[in-house]
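Asks: Residues per chain are reported as follows:
Protein chains: 2
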Amino acid sequence: MSQEVLSPVLETIVATATAAAPAFAATTPELRAQALVAIANALEANKPGLVSIAMRETGLTEARLTGEVTRTAVQLRMFADTIVEGGYVDARIDLADADFALGARPDIRRTHLPLGPVINFSASNFPFAFSVMGGDSAAILAAGCPLIVKAHSGHPELSDATAAVAAEAIQSVGLPAGIFQLIHGREAGVAVLRDPRIKAGSFTGSIRIGRLLADIAASRPTPIPFFGELGSVNPAFITAAAVAERADEIARGFLTSVSGSAGQLCTKPGFVFVPAGTKLAAAVSAAATELPEHRLLDPRISASFAERRDAILAATGVTPVIAGGVRFDELGHGWVTPTVVTVSLANLRAGREALLEEAFGPLSIIVETPAGTDLASLMPEFYEGNLTGTLHLSAEESTGTTANVAELQALVAAISQQVGRVLFDGWSTGVAVTPAQQHGGPWPATTNDASTSVGTAAIQRFQRPVAYQNAPQAFLPEALRDANPLGVPQAISPAGVSKQWGQRWG
Amino acid sequence: MSQEVLSPVLETIVATATAAAPAFAATTPELRAQALVAIANALEANKPGLVSIAMRETGLTEARLTGEVTRTAVQLRMFADTIVEGGYVDARIDLADADFALGARPDIRRTHLPLGPVINFSASNFPFAFSVMGGDSAAILAAGCPLIVKAHSGHPELSDATAAVAAEAIQSVGLPAGIFQLIHGREAGVAVLRDPRIKAGSFTGSIRIGRLLADIAASRPTPIPFFGELGSVNPAFITAAAVAERADEIARGFLTSVSGSAGQLCTKPGFVFVPAGTKLAAAVSAAATELPEHRLLDPRISASFAERRDAILAATGVTPVIAGGVRFDELGHGWVTPTVVTVSLANLRAGREALLEEAFGPLSIIVETPAGTDLASLMPEFYEGNLTGTLHLSAEESTGTTANVAELQALVAAISQQVGRVLFDGWSTGVAVTPAQQHGGPWPATTNDASTSVGTAAIQRFQRPVAYQNAPQAFLPEALRDANPLGVPQAISPAGVSKQWGQRWG
Chain A
0 MSQEVLSPVL
10 ETIVATATAA
20 APAFAATTPE
30 LRAQALVAIA
40 NALEANKPGL
50 VSIAMRETGL
60 TEARLTGEVT
70 RTAVQLRMFA
80 DTIVEGGYVD
90 ARIDLADADF
100 ALGARPDIRR
110 THLPLGPVIN
120 FSASNFPFAF
130 SVMGGDSAAI
140 LAAGCPLIVK
150 AHSGHPELSD
160 ATAAVAAEAI
170 QSVGLPAGIF
180 QLIHGREAGV
190 AVLRDPRIKA
200 GSFTGSIRIG
210 RLLADIAASR
220 PTPIPFFGEL
230 GSVNPAFITA
240 AAVAERADEI
250 ARGFLTSVSG
260 SAGQLCTKPG
270 FVFVPAGTKL
280 AAAVSAAATE
290 LPEHRLLDPR
300 ISASFAERRD
310 AILAATGVTP
320 VIAGGVRFDE
330 LGHGWVTPTV
340 VTVSLANLRA
350 GREALLEEAF
360 GPLSIIVETP
370 AGTDLASLMP
380 EFYEGNLTGT
390 LHLSAEESTG
400 TTANVAELQA
410 LVAAISQQVG
420 RVLFDGWSTG
430 VAVTPAQQHG
440 GPWPATTNDA
450 STSVGTAAIQ
460 RFQRPVAYQN
470 APQAFLPEAL
480 RDANPLGVPQ
490 AISPAGVSKQ
500 WGQRWG
Chain B
0 MSQEVLSPVL
10 ETIVATATAA
20 APAFAATTPE
30 LRAQALVAIA
40 NALEANKPGL
50 VSIAMRETGL
60 TEARLTGEVT
70 RTAVQLRMFA
80 DTIVEGGYVD
90 ARIDLADADF
100 ALGARPDIRR
110 THLPLGPVIN
120 FSASNFPFAF
130 SVMGGDSAAI
140 LAAGCPLIVK
150 AHSGHPELSD
160 ATAAVAAEAI
170 QSVGLPAGIF
180 QLIHGREAGV
190 AVLRDPRIKA
200 GSFTGSIRIG
210 RLLADIAASR
220 PTPIPFFGEL
230 GSVNPAFITA
240 AAVAERADEI
250 ARGFLTSVSG
260 SAGQLCTKPG
270 FVFVPAGTKL
280 AAAVSAAATE
290 LPEHRLLDPR
300 ISASFAERRD
310 AILAATGVTP
320 VIAGGVRFDE
330 LGHGWVTPTV
340 VTVSLANLRA
350 GREALLEEAF
360 GPLSIIVETP
370 AGTDLASLMP
380 EFYEGNLTGT
390 LHLSAEESTG
400 TTANVAELQA
410 LVAAISQQVG
420 RVLFDGWSTG
430 VAVTPAQQHG
440 GPWPATTNDA
450 STSVGTAAIQ
460 RFQRPVAYQN
470 APQAFLPEAL
480 RDANPLGVPQ
490 AISPAGVSKQ
500 WGQRWG
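The listed protein sequences correspond, in order, to chains A and B.
What the first sequence shows, in numbering that gives the first Met the number 0, is residues 0 to 505, in sequence order.
What the second sequence shows, in numbering that gives the first Met the number 0, is residues 0 to 505, in sequence order.
Hints may be right or wrong, so weigh each one.
Stated by the list, open to error - Short, incomplete list of chain A residues facing chain B, as computed with Cβ under 10 Å:
1. A18
2. P21
3. A25
4. T26
5. I107
6. R210
7. A217
8. I223
9. T315
10. T398
11. A402
12. T451
13. P476
Calculated from the structure, these hints are not laboratory results.
The beta-carbon is built from N, C-alpha and C at its ideal position, and this holds for glycine as well.
Take these sequences, add in the hints, and give me the full structure.
Replies: Rendered as structure tokens:
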């Protein structure tokens, strides 16, 4: 708990971020939007060079990485429009009310201010979209918080190159270098997270490291919010009618989702529940016509995947549908093809220690449930929080008019209780970057299930509400002024309504 | 970290709350509104009896307690209207978009669901408004979360009586008893907070206990959010021009705010900064014509106040303006009159160990600042987070046209950085219960400065966002359906806009 002294280099970085905070907080949304778009444009302009480094460092394919740069640029541009539109500050104005139910009420106005310097720990599996200038970084800068990124050790050269591109773009719009700085090394990251000048942390990675960092943030003398996106196995449920209707289509989508990015996605479907006796496993086997070998991100992930895969294959009653494999090269990188297995519900219960933990890589488990299984009860029986849960219905079941509708609705309610996103008739990989997106979920999917790390609501993590009481116009934040110079949505509560509160309900 | 086995009584309570959660989450906002209003009406109908118990247990005055019941009822009614209006679920609908910037986008819709069972630790100093059916409880029930209240040991009989009134009202609208239960005892509260079925905690009280509970919540095997409102000293700044303009008015308001409820309010102004040489202290002394003696809440608070008061009076350079006092009765209750002292800024610096800690009771420190003091720098020099910060300006300064406007704006910015509410020309006690209210602030004012414990936004603490992707209408929460049967505000994002994102800014 005692405060550490930072190294001279880190001290300069944290001091620079801290010094930049007040002026950055006071920038106009337009200027921050210009910075975000300048970064987006610069990333796209430098795409070939950046993708080439990323391919070498991560083993991900050119197609995947090229698409990821585009996604990263789109995220930055989305936040540019989000902050200029202004709804993100949730401006509320309660006009003074002499007739208020509890006696005369002053004028009260509430907006959100940026938290101050934030550290973002990059992910390994999205070297652009959840890394140096990924979604968390975009949200932090959009909110007006100075950003310190802790580079992931899996792509240090790409991190430096991305940072150089971003820094030049930031300076091109006249913003100071102190609003964005990059550091390397886990010890450096932990030291910065512990520093009292840092006001929040974000993270994408493993449960083990995420918990470690979350505990550090919570146990500081001054605790700070920590937004970690950790582990998820993303259970899916497929009805007998859905399998009967379109087994091949479901099998192909499933296989694409399991094997894409070599299965190294937090939203990879790890478990698929189907009624025993349906032909999903056969359809999956038939769909596995072409299974190119892909490299996993690094030797640690490779070793861990091989170990998890061995344990799963060795569990009682586990039958391979697609045998797949892991081949290690001389650098310790694992080269993989997908593995899909089936297991009965009874054997999942018996083998839960081996089977339930996330296997980060191209592996998924089809669980065959006997007739009469209460599917809704399986969610709490087997799982804690997950990022996603999926349900495939037949066309007729989707109308909500079949005999099993109540059972299906109970399953949807059970899934909703334990995930951040409920999908129908699709697969959980591929997270749309949009206003309504929710990429989160109860522990251990995240450390904080009230927040999202994808979509416009992600900016809310880095803001804090402040109310102003009877403030003269000259001393109000612009978002709260009568003249509304920023043109933000203002929710105005008039005088004279409080005595009617609740009248309709009693 | 190991899981404890609950006592049979607590096990029944937690199991009952857990069993009630799904059905309570599925209730209509109208039914929950009826329950909240029924509780409000029942509290008012039972006001004389409840106030009589409260007077005996807390020593607070009849006028104060009667007003507090009204406030409690108004809070409940405000939440009734809030949930029926429906904006609190922040419903967002992204329509499917074949032309999305990153490839075809599915239909995604996002709402908020209740967290599940919540434990609320009551406060001692608001036996109604922050106790059994206070603001936190109202927000928890409004959100659709089963509520377990840990009664404060300072008013156990009142807690039982309030719970009986509330339970009857809840049953009168047909809701089950499991959505609201009362427990007594700190060990019971801690055991419930540790139980994995409990999804969040709220608390109003001391920094020491709040930190203890926050640490328990954060270090559970499954961490949960914990919303504690802890300590605050609420600094105020008064300009020379304001003192010159209306010293007597300011002095009277200050004295009322310091002495109301015997100073036992989290928003009591603990420090007032005025330029040396102004006549505020004299005006305060002159305003202290009538100083009735009041009882403090309990012997522990009484002893603590007497100790803090002695330490402050003994610090170097501290001069009494109103001497006040503490008299102990045979039960150990302290009977107090207000104490106000002055100290120079230099002596505040020299005596910070004795002076800066909160004195919970009727005591405030006037700090006289020498000419040329950079007021904005005093906030970070002396204070961590506070619930409020106050600035008194002259009428001319309020126009923002005086020579010192930049200095005053810098002070407002500095205050904003460290508080949840910035007040002008008023006093911080008396927190309006309204949509724009923010009762929170950085640590140690609260454990979670992104939230408020007063106002309609307080409900957000007990909700969690969930997105639905391509969900058939029959499987969507009502707030997200096309037909919008609840009539909630729906923020609809149309197709075809994403390719324009950021275009204006680069």
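Asks: Hey, does the T26/A contact hint survive, CB to chain B under 10 Å?
Replies: violated, 13 Å
Asks: When the nearest CB of chain B is found for I223/A, is that gap smaller than 10 Å?
Replies: Status holds, d = 8 Å.
Asks: When the nearest CB of chain B is found for I107/A, is that gap smaller than 10 Å?
Replies: Because about 5 Å separates I107/A from the closest Cβ in chain B, which is inside the 10 Å limit, the hint holds.
Asks: Min Cβ distance, P21/A to chain B: is it shorter than 10 Å?
Replies: holds, 7 Å
Asks: Do the numbers back the hint for T398/A, that is, is its least Cβ distance to chain B under 10 Å?
Replies: holds, 7 Å
Asks: If you take the shortest Cβ to Cβ gap from A18/A to chain B, is it below 10 Å?
Replies: Because about 13 Å separates A18/A from the closest Cβ in chain B, which is outside the 10 Å limit, the hint is violated.
Asks: Given A217/A was flagged as interface, is its beta-carbon under 10 Å from a beta-carbon of chain B?
Replies: holds, 4 Å
Asks: Would the stated hint for A402/A survive a check requiring a Cβ distance to chain B of less than 10 Å?
Replies: With a closest approach of 14 Å, the A402/A hint is violated.
Asks: Given a cut of 10 Å on the nearest C-beta pair, is the interface hint for T315/A held or broken against chain B?
Replies: Hint violated; T315/A Cβ to chain B Cβ min 27 Å, cut 10 Å.
Asks: Answer holds if the nearest beta-carbon of chain B is closer than 10 Å to that of P476/A; otherwise answer violated.
Replies: holds, 8 Å
Asks: Hey, does the R210/A contact hint survive, CB to chain B under 10 Å?
Replies: holds, 8 Å
Asks: Against chain B, run the beta carbon of T451/A and see if the smallest gap drops under 10 Å.
Replies: Interface hint status for T451/A: holds (6 Å vs cutoff 10 Å).
Of the numbered hints given earlier, the model fails hints 1, 4, 9 and 11; all others are met.
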